[in-house]
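Number of protein chains: 2
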Amino acid sequence: MSQTTVREIHPNLYLLRVADTRTAYFEALWEIPEGVTYNAYLLKTPEGAVLFDGWKSVYQEAFLEALASLTPLEAIRHIVIHHMEPDHSGSLPALLDRLHGKVTLWGHPFTKKLLAALYGLTEIDFQAVKSGQSLTFGGHTLTFYHTPWLHWPETMVTHLAEGNLLLTGDIFGSFGLPEGIFDDEVDLQPYLDAARKYTISVIGFYRDKIVKHLTTLRDTYGVHPAMILPAHGLLWRQAPERIIQSYLNWAVGKPQPGKIAVLYSSMYRYVERGIGVLVDEFQRQGYTPVVHRMVDEERGSLADMLSDIVDSEAVVLGTETYEADVFPLTAFLLSEIIKKANFAKPLLVLGVFGWAPAAGRKLRGLLESSAFDPVHILELKGLLTGEGEAQIRAAVQEIVSHLAQTATTKV
Amino acid sequence: MSQTTVREIHPNLYLLRVADTRTAYFEALWEIPEGVTYNAYLLKTPEGAVLFDGWKSVYQEAFLEALASLTPLEAIRHIVIHHMEPDHSGSLPALLDRLHGKVTLWGHPFTKKLLAALYGLTEIDFQAVKSGQSLTFGGHTLTFYHTPWLHWPETMVTHLAEGNLLLTGDIFGSFGLPEGIFDDEVDLQPYLDAARKYTISVIGFYRDKIVKHLTTLRDTYGVHPAMILPAHGLLWRQAPERIIQSYLNWAVGKPQPGKIAVLYSSMYRYVERGIGVLVDEFQRQGYTPVVHRMVDEERGSLADMLSDIVDSEAVVLGTETYEADVFPLTAFLLSEIIKKANFAKPLLVLGVFGWAPAAGRKLRGLLESSAFDPVHILELKGLLTGEGEAQIRAAVQEIVSHLAQTATTKV
Numbered sequence: 001m002s003q004t005t006v007r008e009i010h011p012n013l014y015l016l017r018v019a020d021t022r023t024a025y026f027e028a029l030w031e032i033p034e035g036v037t038y039n040a041y042l043l044k045t046p047e048g049a050v051l052f053d054g055w056k057s058v059y060q061e062a063f064l065e066a067l068a069s070l071t072p073l074e075a076i077r078h079i080v081i082h083h084m085e086p087d088h089s090g091s092l093p094a095l096l097d098r099l100h101g102k103v104t105l106w107g108h109p110f111t112k113k114l115l116a117a118l119y120g121l122t123e124i125d126f127q128a129v130k131s132g133q134s135l136t137f138g139g140h141t142l143t144f145y146h147t148p149w150l151h152w153p154e155t156m157v158t159h160l161a162e163g164n165l166l167l168t169g170d171i172f173g174s175f176g177l178p179e180g181i182f183d184d185e186v187d188l189q190p191y192l193d194a195a196r197k198y199t200i201s202v203i204g205f206y207r208d209k210i211v212k213h214l215t216t217l218r219d220t221y222g223v224h225p226a227m228i229l230p231a232h233g234l235l236w237r238q239a240p241e242r243i244i245q246s247y248l249n250w251a252v253g254k255p256q257p258g259k260i261a262v263l264y265s266s267m268y269r270y271v272e273r274g275i276g277v278l279v280d281e282f283q284r285q286g287y288t289p290v291v292h293r294m295v296d297e298e299r300g301s302l303a304d305m306l307s308d309i310v311d312s313e314a315v316v317l318g319t320e321t322y323e324a325d326v327f328p329l330t331a332f333l334l335s336e337i338i339k340k341a342n343f344a345k346p347l348l349v350l351g352v353f354g355w356a357p358a359a360g361r362k363l364r365g366l367l368e369s370s371a372f373d374p375v376h377i378l379e380l381k382g383l384l385t386g387e388g389e390a391q392i393r394a395a396v397q398e399i400v401s402h403l404a405q406t407a408t409t410k411v
Numbered sequence: 001m002s003q004t005t006v007r008e009i010h011p012n013l014y015l016l017r018v019a020d021t022r023t024a025y026f027e028a029l030w031e032i033p034e035g036v037t038y039n040a041y042l043l044k045t046p047e048g049a050v051l052f053d054g055w056k057s058v059y060q061e062a063f064l065e066a067l068a069s070l071t072p073l074e075a076i077r078h079i080v081i082h083h084m085e086p087d088h089s090g091s092l093p094a095l096l097d098r099l100h101g102k103v104t105l106w107g108h109p110f111t112k113k114l115l116a117a118l119y120g121l122t123e124i125d126f127q128a129v130k131s132g133q134s135l136t137f138g139g140h141t142l143t144f145y146h147t148p149w150l151h152w153p154e155t156m157v158t159h160l161a162e163g164n165l166l167l168t169g170d171i172f173g174s175f176g177l178p179e180g181i182f183d184d185e186v187d188l189q190p191y192l193d194a195a196r197k198y199t200i201s202v203i204g205f206y207r208d209k210i211v212k213h214l215t216t217l218r219d220t221y222g223v224h225p226a227m228i229l230p231a232h233g234l235l236w237r238q239a240p241e242r243i244i245q246s247y248l249n250w251a252v253g254k255p256q257p258g259k260i261a262v263l264y265s266s267m268y269r270y271v272e273r274g275i276g277v278l279v280d281e282f283q284r285q286g287y288t289p290v291v292h293r294m295v296d297e298e299r300g301s302l303a304d305m306l307s308d309i310v311d312s313e314a315v316v317l318g319t320e321t322y323e324a325d326v327f328p329l330t331a332f333l334l335s336e337i338i339k340k341a342n343f344a345k346p347l348l349v350l351g352v353f354g355w356a357p358a359a360g361r362k363l364r365g366l367l368e369s370s371a372f373d374p375v376h377i378l379e380l381k382g383l384l385t386g387e388g389e390a391q392i393r394a395a396v397q398e399i400v401s402h403l404a405q406t407a408t409t410k411v
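Just so you know, the sequences run in chain order A and B.
Numbering (our numbering) for the first sequence: 1 to 411.
Numbering (our numbering) for the second sequence: 1 to 411.
Excised from the complex, chain A in its bound form (with noise of 0.2 Å):
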């Protein structure tokens, strides 16, 4: 049980957060060697408790344990569905199990069809809410606020009247295994790089409806919360602006000054010693290239390129010429940057070929459908030559010239 917390963070409200140590890869799809919390919350009120979403199904009984520690489960009166992703509401069936019906569920009026879809539930007491809908229960008012694809289409976030609390799903969640529970007891910046990483790996296909919703939670709304309270990693109750506003940011792609994401797969080190070359031209010109690697003694991580993307000024993506294609892996990435982390930043390609080049050609047409500027694609031949190196160097500079011009246009 040393992977569950339970705490109280506000008078009456509990954390329960179980640490994912089993989940390799997050969606089947993204590396996380850091781990996954997933948050559930419950509001003890004089006339019962008010649970807001769950843990997954693996961890089901954990959370059924966690649960009776705060609360008879029969005084769960309510429970609030953020959204049903299973990573959140796994461990719903086993908990209704318990209940024997006697219990309303809220949430988007979507969120019905899943129940019957994911877990065959529909002989359930299910409250669909408006967006701005209020529900007030045991001296609390609890307002919902639709925020669809975010990061499922039934997505919702409830405000807390009591202490200007907001759960919010999904959204301002991260991978990672925080030691503390809140922001002001972790050191943020590398937390804020997990959190990136879940942002456009898990988000980052519907990064225009952050910028939408959490505009509209704030203007429209007039949402502005002293607590930000996630389904996965840290609670922010220092600093719930800094999350905002980082999201905010990585939704937009805004950059780091002076970093250079360099993505590049090398069978046989051909293309990486054209890399080795230009990142030292990159060094040279005061940047701060951020590599990684798809080689035969390694492979990167799909999602922490994806990361190293998003607040980054330029991209390199280098490549070996493979059956007369791009490099399968790079392709591969390639698709994923474009789906998840399609921003409008100058991007250079170093392709390398033995025989003929046909990676340079490729990568030109698939980048046709992105909004990236492929501002120079350099395809070399073979063993990396002092002409080959000039060209690379050259290559660099002219990423950087379109760096310092479009920073002065944007002055």
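By construction, these hints were calculated from the structure, which means they are not laboratory data.
Please read all numbers here as calculations on a predicted model, not as lab measurements.
Each hint can be trusted.
Cross-link-like lysine-lysine pairs, in silico, DSSO-like; alpha carbons within 27 Å at most: (1) Lys112/A - Lys381/B; (2) Lys339/B - Lys212/B; (3) Lys44/B - Lys130/B; (4) Lys212/B - Lys113/B; (5) Lys254/B - Lys212/B; (6) Lys130/A - Lys113/A; (7) Lys381/B - Lys130/A; (8) Lys112/B - Lys381/A; (9) Lys113/A - Lys381/B; (10) Lys209/A - Lys112/A; (11) Lys209/B - Lys381/A; (12) Lys130/B - Lys112/B; (13) Lys209/B - Lys130/B; (14) Lys44/B - Lys102/B; (15) Lys130/B - Lys113/B; (16) Lys362/A - Lys339/B; (17) Lys339/A - Lys362/B; (18) Lys339/A - Lys362/A; (19) Lys102/A - Lys130/A; (20) Lys381/B - Lys362/B; (21) Lys362/B - Lys362/A; (22) Lys209/A - Lys381/B; (23) Lys209/B - Lys362/A; (24) Lys113/B - Lys381/A; (25) Lys209/A - Lys254/A; (26) Lys381/A - Lys339/B; (27) Lys212/A - Lys339/A; (28) Lys209/A - Lys362/B; (29) Lys113/B - Lys102/B; (30) Lys362/A - Lys113/B; (31) Lys209/A - Lys130/A; (32) Lys102/A - Lys113/A; (33) Lys113/A - Lys362/B; (34) Lys339/A - Lys381/B; (35) Lys339/A - Lys339/B; (36) Lys130/B - Lys381/A; (37) Lys212/A - Lys130/A.
Chain A is already provided as a structure; the job is to place chain B on it using the hints.
Using the frame of chain A, we list chain B on its own:
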């Protein structure tokens, strides 16, 4: 040095083998927890030595040591290059440095260009050979045959008249670190599984050339070797015809009776439950499903998945709908299948969606460019129901009938 094996395998002919345990991904792409060997060969004659191929550059010092244990380096008069891929040619520049140019290199005409492109080697004595051309040296006759695209464009093999030996480069190679060096020293069945995996992943893109060149060698040139000496894995002295026939079978995807390859991704185990029913139904029908999964806790090996398609009677692809598309890893898998293991086999798709179907339609589109016959594309919503289970069993029965009909037609 325990990873190095030096052994006389025929009078005056020596194997120099190194066990590569550092490479996690062959070609930076194929998962090889089983490792791989690089096999070079040295023929000693009264007039000097002939070297065939070499090792990867990371092992070049060990290679020079192994060579020096057999012969003074300056006694090496000829180097035969079967193809230029760096896992065999990587040690060449270091060796040539020691020989001060007093050696003749033999290869396919295009090899000269790759020596320049990959290593900057231009000041060399290079002899381009025609297919069928011989070299007589030190009482031995070496005959070279071009086998282009197996698996590089400049590939050739060498026949040694004395002993009727065939040195085949990548052809008849395999992954794995066999305990013995000859085919009669190990349990062949698991080794052949690794060889099938090697063949389809590394050479699969050019598998029509396997049939073409092996047929030409046998029927046009009358080559029926007593011993096959590849550049990876086991040497074949007891049953060379077994590896030849295996390669021919794999090139055309000849099935093992009853084998079904089942490959699926499942984020939250919805597909997995359907696959459970499907596997059960195949087993009830007397078939043997071989299952690979890409889920939260583990990810199957791409190379193993391709390999199990080769000798299956039919293929099952399971996927969830993800962001209105096929799950990304399944789409990537299918693109590799179509490049490497594109066989005219019946295929069953099992798709599961949460709120809107998409994977089935998209997969149908992707499959149009393939040789597979998508006999049944079944898409189910959410939780497996009794009706869904019946549909899965019916789909399996449809595949089974299809296989039975094909078998009848073939008889």
